[in-house]
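Colleague: The primary structure of each chain is shown beneath.
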Amino acid sequence: MKRFGLLITMLLTSCLVSAATSDKLRIVATTSDLAAIAKAVAGDKAEVYSICTGKEDPHFLTAKPGFIMQARDADLWIRIGLELEIGWEPPILDGSRNTRIRVGGKGHLDASESVLILDVPQTTVTRAMGDVHPMGNPHYWLDPFNGRRMAGAIAEQLANIAPADAVVFRKNAEAFQKELDERMFGGELVKAFGADTLWAKTQDGTIAAFLQDEASKSKTGSWIVAMAPLRGQKIVTYHKSWIYFANRFGLTVGAELEPQPGIPPTAAHLIEVAETVKAEGVKIILQEPFYSAKAANQIAGKTGAKVVVVANSVGGQPEATDYLALMDLIVRRISETR
Amino acid sequence: MQFRIAIFSLPLVAALLATQSATAQAPSTGSQRSFQSFNPDVSAIVDMYYHADDSEKGISHILGEMSGFGHTHAGGEHHHHGPDEGFNLRHLELQFSADVDSYFKGSAIAAIDLESAEMEEAVIETTCLPWGFKLKGGKFFSDFGYINAQHSHQWDFTDQPLIYKLCLGDHGLNDKGMQLSWLAPTPFYLLAGVEAFQGDGEAPLFAYDGEAPLPAHDGPRIGVGWLKFGPNLPGNHGLQLGAFGAGGKVQEAHDGNGDGTEDHWLDGNSTFLGADLVYKYNAPQAYGDGDFVLQGEYFSRRKDMALVGHDLVPQLVGNSKVDDQDGYYVQAVYGFLPRWRGGLRWEQVGLTNDSDLPDGTSESYGSSYRTGAMLDFTPSEFSRLRLQVNQGSYETADGKEDVTEVYLQWMISLGAHGAHKF
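Chains A and B supply the protein sequences, listed in that same order. Residues in the first sequence are numbered consecutively from 0, following numbering that gives the first Met the number 0. Residues in the second sequence are numbered consecutively from 0, following numbering that gives the first Met the number 0.
The hints are simulated quantities; they were obtained by calculation from the structure and are not laboratory data. One should not assume that every hint holds.
[Stated by the list, open to error] With a straight-line cut-off of 27 angstroms between C-alpha atoms, the simulated DSS-like cross-links for lysine-lysine are:
1. A/Lys293 / A/Lys282
2. B/Lys135 / A/Lys105
3. B/Lys279 / A/Lys105
[Said to hold, decoys possible] Away from chain B, derived, C-beta distances all over 12 angstroms, residues of chain A:
4. Asp43
5. Gly253
6. Ala267
[Unchecked claim] Which chain A residues face chain B? A few, computed with CB under 8 angstroms, are given here:
7. Gly42
8. Leu60
9. Gly86
10. Glu88
11. Lys105
12. Ala207
13. Phe209
14. Leu210
15. Gln211
16. Leu269
17. Ile270
18. Glu274
Everything numeric in this text was worked out from a predicted model, so none of it was measured. Beta carbons: idealized from backbone N, C-alpha and C, even for Gly.
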């Protein structure tokens with residue numbers, strides 16, 4: 000009887016707790032990067048939770064009961080999409096019995112629908128090619144331009160759910176985008192030329208020549224300027240997860256340590272990669288902390304290339320506290336290896 | 000499309016469209032998303048294994064003769080998927096699933112083996128009920144415990160735990176019925192479910208015949224209830240605790256003098272109670288390296304039957320027979336290298352193993368145990384190779400039998416990428 004009383008008390012408390020917080024929206028994002036951007040956009044109007052912590056490989060996760068509980072109370076579910084979460088998202092959404100956040104629902108946002116996607120297979124794909132994502136490479140958040148678009152999409156979705164605060168969400172998204180533009184290009188460049196012009200120049204590659212230009216040479220302290228000396232370089236990455244970042248900053252990915260997406264490095268493949276590194280003069284081997292650094296170190300030892308281990312998600316390393324800090328960290332780690 | 004343009008200034012969009020590099024593709028405008036259709040997700044699973052054991056009559060025979068867990072002839076023909084010496088093809092499992100409309104989702108799984116095809120699951124589920132409710136109907140695996148609702152290819156060991164095999168047969172509790180479940184609005188995970196099944200006699204514990212001299216009972220003949228509780232563990236730790244119980248009709252027909260014809264019949268009720276535990280640690284490393292799973296389940300079952308007919312000793316008719324048995328398994332699986340896992344399983348059945356017989360006497364039997372060790376390699380998410388060794392000591396009518404078994408399993412999954420529950 001005592002236990003029953005305790006249970007009833009707990010049930011009532013949970014009702015009170017949820018009543019007390021019900022004026023705030025609850026956002027659950029699949030990854031910490033989505034959560035960080037959602038936090039910036041929602042401000043104090045929402046509580047934001049993330050399924051991934053940023054420390055683990057988002058391809059492999061277990062749909063544990065705690066995640067189902069978070070999804071149960073969510074007003075908005077945001078996912079990366081492109082089948083990144085395919086191994087664990089369906090049982091969470093289904094288990095939550097939350098009709099708001101089902102695919103197609105008002106509370107379900109697939110962020111991939113509002114960004115630029117790379118690596119969309121143009122030929123028939125088979126699983127003999129490894130864990131290929133047939134709708135495109137899902138690591139798009141590593142392109143800061145996509146970060147900008149993700150903020151816009153989240154603001155519009157929130158405005159749709161809570162129209163009363165639409166102005167706040169849009170204002171927050173604009174502030175986030177402005178801050179991002181300034182970190183990308185530096186405040187003075189943005190002021191002088193406008194963010195849109197500058198982003199367009201990173202898209203068509205003319206930004207390099209533009210930065211060479213006497214007039215803008217002195218504008219330092221931005222991601223684009225820090226990365227400028229590395230432009231045109233070939234890098235090697237562990238997984239096919241850095242293509243968006245590389246593409247935006249004018250790097251090319253010469254090879255991956257994985258012989259195929261989702262297959263760990265093999266000795267035979269690493270010999271090939273080492274040859275590529277030597278032949279192409281690759282200086283940087285880039286990888287996430289959750290992969291073993293053994294293969295990268297082995298190639299570095301043979302070739303003199305440098306291994307850069309850096310988080311690709313917010314929370315993956317202590318410095319990556321939010322989306323802009325993550326980009327700061329990645330740019331710093333890569334640019335300081337010169 | 001409207002909001003996407005709204006978040007951009009128009010010149011930027013124009014610049015982007017004009018300057019898009021060859022590999023970049025604007026979302027939604029390309030053809031890539033248009034390949035989506037309303038076809039259901041389809042997948043096929045091929046699961047084969049090689050089996051060898053050192054017993055004379057084979058492990059399937061021994062498991063059929065275990066003291067206290069003896070077999071019945073009621074309920075018609077049971078076809079056994081028990082391992083044969085040599086090559087075994089478990090079955091080809093064809094799965095289809097999709098949202099039906101905004102109210103229901105459906106899935107169908109056909110298990111095709113060499114002789115026949117059967118409907119493993121055909122399920123309609125609601126997706127629209129409020130307050131955390133879900134209604135499920137069709138033919139499906141009961142969600143009690145942990146391993147019952149898993150398909151054989153999801154198991155971490157090639158064979159099912161002994162207690163499951165002995166109480167519920169090769170398929171576990173899988174039947175026509177309905178389920179109502181409720182996700183409670185508690186600050187921790189709490190899922191409760193009740194199920195009613197027709198009880199068509201597939202599971203030994205709920206064997207049903209319904210033909211004279213056994214009485215007929217209207218369905219549904221099995222009721223199940225379960226609770227699952229998941230505390231909020233931090234980080235990458237997940238825990239689920241469960242409790243379950245079930246009750247239903249049971250009928251047995253026996254051949255007491257061994258002349259090949261049934262000579263006495265029993266009718267009554269079966270119940271089981273149990274608990275389950277699953278703990279998972281999801282290590283940050285890729286490819287399952289460092290992942291750990293600990294799971295265990297305990298069952299206690301009771302068959303309370305009355306003799307409804309006896310051709311040899313008719314004066315015993317009306318007397319009762321009560322069987323009490325239990326069992327458990329505990330297993331742990333660890334990813335010791337990327338893509339490689341090793342696991343150990345310990346099982347015991349018949350810790351309680353008593354029968355009160357219709358002639359007024361009682362019998363107590365000993366317990367049986369089995370240890371298993373497995374090593375598996377997962378080349379990709381869609382294929383797996385496994386080596387498993389079992390060493391068991393079984394209490395049978397012919398005395399204690401020690402059996403060593405070896406399994407070599409090879410399975411693949413084609414088609415849609417299936418996600419697995421916790």
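Colleague: Are the hints correct? Go through all of them and say.
Modeller: Taking the hints in turn, this is what the structure says about them:
Simply put, A/Lys293 and A/Lys282 have alpha-carbon atoms about 17 angstroms apart, close enough for the 27 angstroms limit, and the pair holds. Between B/Lys135 and A/Lys105 the alpha-carbon distance is near 25 angstroms, which keeps this suggested pair within the 27 angstroms criterion. Distance check on the hinted pair: B/Lys279 and A/Lys105 sit about 33 angstroms apart at the alpha-carbon level, beyond 27 angstroms; violated. Look at A/Asp43: its CB is around 22 angstroms from the nearest CB on chain B, clear of 12 angstroms, so calling it non-interface holds up.
Non-interface call for A/Gly253 relative to chain B: holds, since the shortest CB-CB distance, roughly 15 angstroms, exceeds 12 angstroms. No beta-carbon of chain B is positioned within 12 angstroms of the beta-carbon of A/Ala267; the least distance is around 15 angstroms. Hint status for A/Gly42 relative to chain B: violated, with the closest Cβ pair at about 17 angstroms, above 8 angstroms. The beta carbon of A/Leu60 is positioned within 8 angstroms of a beta carbon in chain B (closest approach about 6 angstroms), and the interface hint is therefore held.
For the restraint placing A/Gly86 at the interface with chain B, the shortest Cβ-Cβ distance is roughly 5 angstroms, inside the 8 angstroms limit, so the hint holds. About 7 angstroms separates the beta-carbon of A/Glu88 from the nearest beta-carbon of chain B, less than 8 angstroms, and the hint is met. Taken as an interface hint, A/Lys105 does not check out: its beta carbon lies about 12 angstroms from the nearest beta carbon of chain B, beyond 8 angstroms. Proximity of A/Ala207 to chain B is violated relative to the hint, the smallest CB-CB distance being about 14 angstroms (cut-off 8 angstroms).
The interface hint given for A/Phe209 is violated, since its Cβ lies 13 angstroms from the closest Cβ of chain B, which is over the 8 angstroms cut-off. Hint status for A/Leu210 relative to chain B: violated, with the closest Cβ pair at about 17 angstroms, above 8 angstroms. Interface restraint check: A/Gln211 against chain B, minimum CB-CB distance 19 angstroms, threshold 8 angstroms, status violated. Evaluation of the A/Leu269 hint against chain B yields a violated restraint, the C-beta minimum of about 14 angstroms exceeding 8 angstroms.
Hint status for A/Ile270 relative to chain B: violated, with the closest Cβ pair at about 19 angstroms, above 8 angstroms. Below 8 angstroms, beta-carbon pairs count as interface contacts, and A/Glu274 has none with chain B, the closest being about 24 angstroms; its hint is therefore violated.
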